[in-house]
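Enquirer: Order-wise, the sequence lines are chains D and V.
Throughout the first sequence, residue numbering follows the numbering used here, covering 1 to 187 in sequence.
Throughout the second sequence, residue numbering follows the numbering used here, covering 1 to 685 in sequence.
Mixed in with the good hints there might be a few duds.
[Claimed, not checked] Reference excerpt, derived from the structure (chain D facing chain V, CB under 7 angstroms, subset only):
| id | residue |
| --- | --- |
| 1 | T18 |
| 2 | L131 |
| 3 | N151 |
| 4 | I152 |
| 5 | S156 |
[Said to hold, decoys possible] Cross-link-like lysine to aspartate or glutamate pairs, in silico, EDC-like; alpha carbons within 20 angstroms at most:
| id | chain 1 | residue 1 | chain 2 | residue 2 |
| --- | --- | --- | --- | --- |
| 6 | V | K68 | D | E16 |
| 7 | V | K83 | D | E12 |
| 8 | V | K85 | D | E101 |
| 9 | V | K84 | D | E76 |
| 10 | D | K184 | V | D302 |
Keep in mind the hints are simulated off the structure, nothing from the lab.
This structure is a prediction, so every number in the text was calculated from the model and none was measured.
Just so you know, even glycine gets a beta-carbon here, dropped at the ideal spot from N, CA and C.
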Amino acid sequence: MLPVTNTVGVQESELELTFLTKQEILLAHCRFKELLPKESRNTMDYRVPMEKILTMPELKSNPFRQRICYVFSTSEAKDGSLSFEDFLDFLSVFSDSATPEIKSHYAFRIFDFDDDGTLDRNDLVKLVNCLTGDAPETRLSQEEMNQLIGNILEESDIDKDGTVNLSEFQHVISRSPDFVSSFKIVL
Amino acid sequence: MAAPQKTLKDYHHIAAILAGLTCSCFALRTSKLERHVLIFDCLLFSLSYEDVITEEELANLKEAVEEKKKSITTLRNQPWRMKKKLETLKEAQEFIEKFEGALGKGKGRKFYAYKVMMLKKWMKFKRDFENFKTACIPWEMKIKEIESKSFGSSVASYFIFLRWMYGINMVLFGLTFGLVMVPEALMGKPYGSMPRKTVPRSESSTAMDFATLWDFGGYAQYSVLFYGYYNNQRAIGWLKFRLPLSYFLVGVGTIAYSFMVVIRTMASNANQEGGGDDTSFNFSWKMFTSWDYLIGNPETADNKFASITTSFKESIVEEQENRKEENIHLTRFLRVLANFLVLCCLAGSGYLIYFVVRRSQKFALEGLENYGWWERNEVNMVMSLLGMFCPTLFDVISALENYHPRIALRWQLGRIFALFLGNLYTFIIALMDEINLKLEEEAVVKYNMTIWEANLYNGTLSENSTRPPIEVDPADVPRGPCWETMVGQEFVRLTISDTMTTYITILIGDFLRALFVRFINYCWCWDLEYGFPSYAEFDISGNVLGLIFNQGMIWMGAFYAPCLPAINVLRLHASMYLQCWAVMCCNVPHERVFKASRSNNFYMAMLLFILFLSTLPAVYTIVSIPPSFDCGPFSGKSRMYNVIQETLENDFPAWFGKVFSYASNPGLILPFILLMAESVLPAMV
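One chain only, chain D, in its complex shape (with noise of 0.2 angstroms):
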C-alpha cells in the first residue's frame, strides 16, 4: 500500500511506477490529503468519494469527470471513489511524459461508456452529448447526430463490424497530432 505521508517523503516506487517528477509527486500528496476530511487526515487506505473528487477545480468543467472516476477507480463497489494509488494512477496517465499509447489505452476506457471493450453506437451517441455540453440549443438533431456517427463508423471502424474496438482506436488516435497535447491534465 503506498501510504499517505505526512512527512516530506517520497516513495522510490511511486517514482517507478509513474510517469510523475518528484514535485508533482509531492503536490499530488497535498492535494489529495486537503480532499480527505480531517479525522482520516493520517490513515492509509482511505477511499474518497466521488463526489469530492469533482469538486477539484481541474475536473469540475470536464464532461468526463465522472468517467474518469469510474475508470480509474479500483473500489469494489464501482462507486468511482479514489485512494490515493488511483489518483496517482491517474495523474500519471494525464501527466506530460505519459506515453501516446497508455494514454489512447485510457482514452478508450473513458469513451466505453457501457464498459463492454468497443465502442458502439450507444457510446459514440453519449460522447457526443458529452461534447455538446448541456444546454439544449448546442445538442444535435437526431439527423445532424446520425450523419455524424455514420461519418465517424465510416472513418474508423475498420472491420466494419458496427463498432471501433481497442486497436482500431489507437490506430485513429495515432495519427492525430493534436491528441497528447489536449489529454493533459496538470495540477
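Starting from the known structure of chain D, fit chain V onto it as the hints suggest.
Expert: Same frame as chain D, but now just chain V:
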C-alpha cells in the same frame, strides 16, 4: 584412456534443476517469475556445495537479472492498476536483490558487484538531475498557471515561444557582451583618449541631456554600445586579444547560431507532429481529440462546447453541400476587390514610410534643434502606428471575403507579414540612401582634415618631413562620418519605440478598456460586457508576429550596435511579466478555441524566412560597402572581411594560409554547398 569422470558437482546441478522443474510442473499455476525463482533457488542450493558455477549458468543468471531490470523500467508503460504494478515491482526487486548478491560472490565477481552498484548510483543521479532540470526551467509555473487556470494550450504556446526566444537572445547577448563589449571596455583605450572615442566639442554641451541620451546620442553614442567606439588596433591588452577579428566572428557567429537553432527546432517539431495534413480521419479526430483537458474554467468550457458544436455542424454541412456553389461570381468579385484594397494599403504604407524617411533627412540637414518631438521621432512613430492600425484594417476588409475562419486567419497572417516586410525593407532602402550620402561626405571630410592638419602647423613645415606630434584635445579633431553607428542608432531607436508602442497598446487597449468596461458598466445604456467594446481577447497571432519581426530587427542591427541583444533581453524579460499579468487580469478566453500545434511549424518557418531576410542587408553591407575610415574596428581596411585575410597572414603559420587558399577555391566550395543543401532539404521536407 580414462573416460572423463563426471564429478559430483555435475550430478548436483542436474539433480537440482530436475527437482525444480518437477515441482513447478505440479504447481501449474505458478507464475513465470516463481518458476524462475525456483530454478535459481535450486542452483543457489547447489552452489553451497561448491564455489564455482559454470559460465553458462552465470550468463543465464545475468540475463535473467537484466531482463527483470528492464521490465521494471517499462512497468510504468503498462496500463495496469497501481496495485498490480506494485506487486510486480516488489517481486522483481526481490529477485534482483537475491541473485545479484549471489553473482557478486567469489573472485572476479567483485567487479560485477561494483559495476552494479555504480549503475544504481548513476540511475539515481540521472533521475535527480532530471528533476533538477525541470525545476530550473524559468517561468514554468507561470505558464502552467495560464494553461490550466483559464486559457488552454493555445495562449500558453505564445508564452512558450517567448521563452524560447528569450533563450536565443541570452546566448546572443552572451556572445556580444563577453567577446566584444567587455574586452574593449577593459582592455581597449579608455574614453577620451582618441578622437573616435570622445564626444566632439560642438556636441559636448548637450551630451549628458536626457533627451540626447534617450535618442542614443551624446555619451551613449561614444561608448561600447555602438560600432563607432571600437578601435582598429589589431591586438589589445596583455592578452593580445584580436578585437577586430572577434567582432567579425561574433557577428557571423550570431547569425550561424540562430540559423542552427531555428532549423533544429523546426526539425524536431516536424518529427513530433507526423502527418499533420492528413484529412482522412476528420470526424473521428473531432470526436476523440477535440476536448482540451487542461480547461479548468467554466467559461472557457462553455466556449469550448459552443465551438465544438459549431465545428460539428459545419463539418456536416460542408460534407453535404460540397458541390453546391452559390453566387460564385459575386464571391469571386468580392475577393478580388478585397485583395485590391489590401494591395492599395500596402503600397500606401510603403510610400508613407519612404516619404517620412526623406523628410527626416531634410530635418537632419537643417539641424534637429529647430524641430519638436514629433519631427524628431517621426519615422519610428509612423512605423509603429502603421503596425498597429493596418492589421485591424485588413481584418475589416477580410469580412468581404467570406472565407472559412481558418483560411481567413492564414490570409490575415500573410497580409500582416507582407505589411511588416514591406515596411522594413522600405526603411532599409531609405537607410541605404543615407549611407551613400555619408560615403560621399567622407571624401569631402578627408580633404578638409588634411587642410586642418596643415593649419595646425601654420604651414611652417613641408608635408613630407617628419614632425613632432602636437597635443590636440581629441574633442577638437574634426570627425569623419560614421555610417555604421548611424545604422545602429536607427535600429536601436526603432526597437525602443516598437517596445513602447506594444506596452502602451497593452495598457490602453487591454487594461484601460477592462477598467472602463468593468466600472462604467453600471451607468451606461447598453451592456458593455456583452456588446461593444467588451473585454479584449488575447491576440495570439498578432503578438507572435510582433515578436518575430522584433527579432528580425535585432538580427539586422546587431552587427552595428552590439548593445541590441542586451536591450532585447531586457525587453523580453519585461514583456513576459507584463503580458502574463495582462492576460490573467484583463483578457477573456477566446470565443473560437483552436489548437496551437498545427501553427507551430508555420511560425517557425516564418522566423526562418525573416532570419534569412534580415541577414541579407548585413551581409551585403559587409561585403560591398567600404567601412568608414574614421571609426570602428575595421577602419582603414578596404572591406570588412579583409580582417580574415589579415589574421591568416599574420597569426597562422604559412602552410595554413596555403591550405586555406586551396580550400576556398570555388571549385571545392560549390560542391560542398550543394552537398549540404541536398542533405538538409530532405530532412526538412
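Enquirer: Next step is simple, just say for each hint if it's right about the structure.
Expert: Structure-based check of all given hints:
1. T18: Holds: closest Cβ of chain V sits about 6 angstroms from T18 (chain D), inside 7 angstroms.
2. L131: holds (5 angstroms)
3. N151: holds (4 angstroms)
4. I152: holds (5 angstroms)
5. S156: Cβ of S156 (chain D) sits 5 angstroms from chain V, so the hint holds.
6. V:K68 - D:E16: holds (14 angstroms)
7. V:K83 - D:E12: Judged against 20 angstroms, a Cα distance of about 15 angstroms means the pair holds.
8. V:K85 - D:E101: holds (17 angstroms)
9. V:K84 - D:E76: Holds. K84 (chain V) to E76 (chain D) sits at ~15 angstroms (cutoff 20 angstroms).
10. D:K184 - V:D302: holds (19 angstroms)
Comparing the model with each numbered hint stated earlier shows that all of them hold.
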